[in-house]
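Student: Here is how the chains run, residue by residue.
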Amino acid sequence: MKDFARLFTKLDQTTRTSEKIAALVEFFEAAPEADRLWAVALFSGRRPKRAVTTTLLREWAAERANIPLWLFEESYPIVGDLAETIALILPPSSAPEERDLAAWISVVKGLGEMDAEARKAAVLETWDRLDATERFLFNKLITGGFRIGISRKLMTRALAQATGVDEAAMALRLMGSWQPEDTSWAQLTAEEDAREDESRPYPFCLASPLETGAESLDDPADWLAEWKWDGIRGQLILRGGVHHLWSRGEELITDRFPEFARTPDFLPPGTVLDGEILAWKDGAPLPFAQLQPRIGRKTVPKKLLAEAPVRMLAYDLLEHGGEDIRALPLSARRARLDALLAGLPEDAAVMPSPLLTEADWPALAARRESAREHRSEGLMLKHRDSAYRDGRKRGDWWKWKLDPLSVDAVMIYAQQGHGRRANLFTDFTFAVKDGNGLVPFTKAYSGLTDAEFDEITRWVKRNTQQRFGPVRQVSPELVFEIAFEGIQASPRHKSGIALRFPRMARWRRDKPVDEIDTLDGLKSLLAAYG
Amino acid sequence: MADPVLSFTERGIYCPAADIYIDPWRPVPRALITHAHSDHARPGHGSYLATPLTAAMIRHRLGVEVQELPFGRPLKIGSATVSFHPAGHVPGSAQVRVEVGGEVWVVSGDYKLEPDGLSEPFEPVRCHAFITECTFGLPVFRWQPQAEVAAEINAWWRANRDAGRASLLGAYSLGKAQRLISMLDPEIGPILTHGAVEGSNAVLRAAGAFHRETIPVTSDFDRKAHPAPMVIAPPSAFGTSWARKFGPAETGFASGWMRLRGVRRRRGVQRGFVISDHADWPALLRAIKETGAENIYPTHGYVDIFAQYLRGEGYGATPVPTEFGGDEETVEQSGDAA
Chain A
1 MKDFARLFTK LDQTTRTSEK IAALVEFFEA APEADRLWAV ALFSGRRPKR
51 AVTTTLLREW AAERANIPLW LFEESYPIVG DLAETIALIL PPSSAPEERD
101 LAAWISVVKG LGEMDAEARK AAVLETWDRL DATERFLFNK LITGGFRIGI
151 SRKLMTRALA QATGVDEAAM ALRLMGSWQP EDTSWAQLTA EEDAREDESR
201 PYPFCLASPL ETGAESLDDP ADWLAEWKWD GIRGQLILRG GVHHLWSRGE
251 ELITDRFPEF ARTPDFLPPG TVLDGEILAW KDGAPLPFAQ LQPRIGRKTV
301 PKKLLAEAPV RMLAYDLLEH GGEDIRALPL SARRARLDAL LAGLPEDAAV
351 MPSPLLTEAD WPALAARRES AREHRSEGLM LKHRDSAYRD GRKRGDWWKW
401 KLDPLSVDAV MIYAQQGHGR RANLFTDFTF AVKDGNGLVP FTKAYSGLTD
451 AEFDEITRWV KRNTQQRFGP VRQVSPELVF EIAFEGIQAS PRHKSGIALR
501 FPRMARWRRD KPVDEIDTLD GLKSLLAAYG
Chain B
1 MADPVLSFTE RGIYCPAADI YIDPWRPVPR ALITHAHSDH ARPGHGSYLA
51 TPLTAAMIRH RLGVEVQELP FGRPLKIGSA TVSFHPAGHV PGSAQVRVEV
101 GGEVWVVSGD YKLEPDGLSE PFEPVRCHAF ITECTFGLPV FRWQPQAEVA
151 AEINAWWRAN RDAGRASLLG AYSLGKAQRL ISMLDPEIGP ILTHGAVEGS
201 NAVLRAAGAF HRETIPVTSD FDRKAHPAPM VIAPPSAFGT SWARKFGPAE
251 TGFASGWMRL RGVRRRRGVQ RGFVISDHAD WPALLRAIKE TGAENIYPTH
301 GYVDIFAQYL RGEGYGATPV PTEFGGDEET VEQSGDAA
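The listed protein sequences correspond, in order, to chains A and B.
Mapping of the first sequence onto UniProt numbering: residues 1 to 530, in sequence order.
Mapping of the second sequence onto UniProt numbering: residues 1 to 338, in sequence order.
The hints are simulated quantities; they were obtained by calculation from the structure and are not laboratory data.
One or more of the hints may lead you astray.
These stretches of chain B come out as covered by chain A in the derived footprint (C-beta under 8 Å, 3 or more residues) [unchecked claim]:
#: 1; segment: 139–148
#: 2; segment: 248–262
#: 3; segment: 267–274
Negatives, chain B to chain A, calculated, CB over 10 Å [stated by the list, open to error]:
#: 4; residue: 7
#: 5; residue: 29
#: 6; residue: 117
#: 7; residue: 318
Heads up, the beta-carbon is just placed ideally off N, CA and C, and yes, glycines get one too.
Build the full structure now, drawing on both the sequences and the hints.
Tutor: Put into structure tokens, the structure is as follows:
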């Protein structure tokens, strides 16, 4: 794994894109084929199945390091990453051994078939054969979540450079359900796309936030406007008589949404739709909170299926009659989409996301203001001539979101962050006033600068009143404006409400605690927008 | 019952028998100073007592009068006997041994066990009670030998030079900076220093404690005259116009905190070199064992966790709160170095 560890180290030690790409290209050109394939797989979110629980890994690491388990647990939040904590805490390797990445991965895969004792022995032995960086990577392989600062886009670009395949074509090939075990390097990188995969989705086209007024987009006739829905973005693939549903995070979620099982009866093979999956009832979307329980469940109980049935509001057609039509102008794709979906019965679970036809910007702006009533987050503005591009290309697609709702609240608990934010207090719980007391109503983690987090971290250390494990209760003094996209009733929370996308809009150093918002104020927001 | 040899007060560690404070953080009439870092040697005290090298540094930094007491020489103050013993943290840094009526307490100050080639090497002192720093008192902190880090730094410098870039290495101006300079291979290129670093260099050179040649970066600095240099500066100098004098450059930081990937990434550090003037986990445990002390007072760092661990190992251990602003390495990585 030395080559792969060296690649990781190079990627980790530079912030220059050109150097990252050079390191990847060098690896793709020189490493053994199986290692190259695995590197591509890992950097595109594929990994061997987890065979050991993290609880066991912690116990084994503590035992091997000859420290009590509680000390391991105290160290973990300070390091901020489990794989790294284990790598750092273990004594130096006593029997270093050089094997390929693929060989270590087969060790990981082999763990699944071993009994508990053999598994422990295999992990301990492997730790003892690897240096600190290799151990960290090996632990990442076991624990999952191989996010190490290489974007898929960067990896795709390097792969395109190393193989001479066009970058967009390469991005398409990397989509879908392939695994390094069933794919060869030649298949992945041949000049002609040689990989048969009926479930393969297209790379999603992404929008940029519109920060200025829509007037900056000139002629409204050049733009198609739609609601910006608050659901799950997905691609519905119909090929060869079956259907597949992919999430934007490239997870295959077909089985979670049996509502689409009948789509092959209504839509011809060789169709790929891009749209939003929403919980939907009586001709209108349900709040996101009702879709949420459907997202995590691999099989859906009948009751949930009845309470929160879903449908797709389709807004783009990427493949039509088996032909990739992403290069056509949006207006042409949209016309085909509308024709395809026209007259579908109610139980097809797919309908076009309506176009908003206001003719000028003031009228569209007024429409946007009413978005919350439609359970929408605002508008999407897409240029009528735009192709369906790979990723985010500024200028073609804009999301024109409503201004968030906000309340002023006081921080009452603080906890340290993870990863890059380890050792900093970044995870806060906020409260509003309720009579003479305070009632917690949300957590928030983002929105402040590193310098502000630094300053707050120093403040938290000096103003801790009580500790509950990693959580510190602090004196209620620091006031923040909390922005959020939506508000829902929630019997699970003490305050009775739950927020959607809460974050810290700013630190209100100017505001004393007795001027923060009240629970009654939140309840009136709930009444207006819930 | 008699007073304890040392007690922990709002102003810092106090010895009632000598009526003297050790590294106090509020102004006091009489202060014993373990070393010249700004969180230990503060302005405003009535009198200062330190080792000769620390005394020279304090005079340079604070412009105050300092009495000197060489390593190993006992001094009777009131009914206490105090002496300084090498702590190995930076040149001149000391542990303080205090003996009252046959009972011995030692205040470690900041320390490390690995000889760095510049500081007087750490000397274990037998005692009944040991007040120990534990900046890196977690088992994830373990340092490589200095020679290995030196090889990494020189390889980095060489690669930067070959790519036509300067190497900017951030380090605390007293101690760490001179240690790094002494680890560099002068064959690779010129070694330049920021004014804050050069000030410390000059004091240590005058005392015969540092011999390397360095080139101070002055206002009329001409970068063409010093191609592909290694520049040693406090990290706070980076990201300022000063750092742009050198043209295309790579930045690196040298600190024990660089052991943690999260910290490296947060600080936007291109290269982190794991090298510290504090004891790592195994060294802390070894140092404590070698004192023979039964009662340990961890201070300055992960004190609660460290004390709990020591209790599990059979020591009496009580965490001591401090008002040190964090160790100098933390201060440095926050970019607001003194």
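Student: Determine for every hint whether it applies to the structure shown.
Tutor: Against the structure, the hints come out as follows:
Counting residues of the segment 139–148 of chain B whose CB falls under 8 Å from any CB of chain A gives 4; the rule of at least 3 is met. Closer than 8 Å: that is the beta-carbon criterion, and the segment 248–262 of chain B has 4 residues meeting it against chain A, so the requirement of 3 holds. Residues of the segment 267–274 of chain B with a Cβ under 8 Å from some Cβ of chain A number 3, which satisfies the need for three, so the listed coverage holds. Once the 10 Å rule is applied to beta carbons, residue 7/B is consistent with being away from chain A; the minimum gap is 23 Å.
Distance check for residue 29/B against chain A: the nearest CB is about 27 Å away, which clears 10 Å, and the non-interface claim stands. Every beta carbon of chain A lies more than 10 Å from that of residue 117/B, the smallest distance being close to 23 Å; the non-interface claim holds. No beta-carbon of chain A comes within 10 Å of the beta-carbon of residue 318/B; the shortest separation is about 17 Å.
No hint from the list above goes unmet by this structure.
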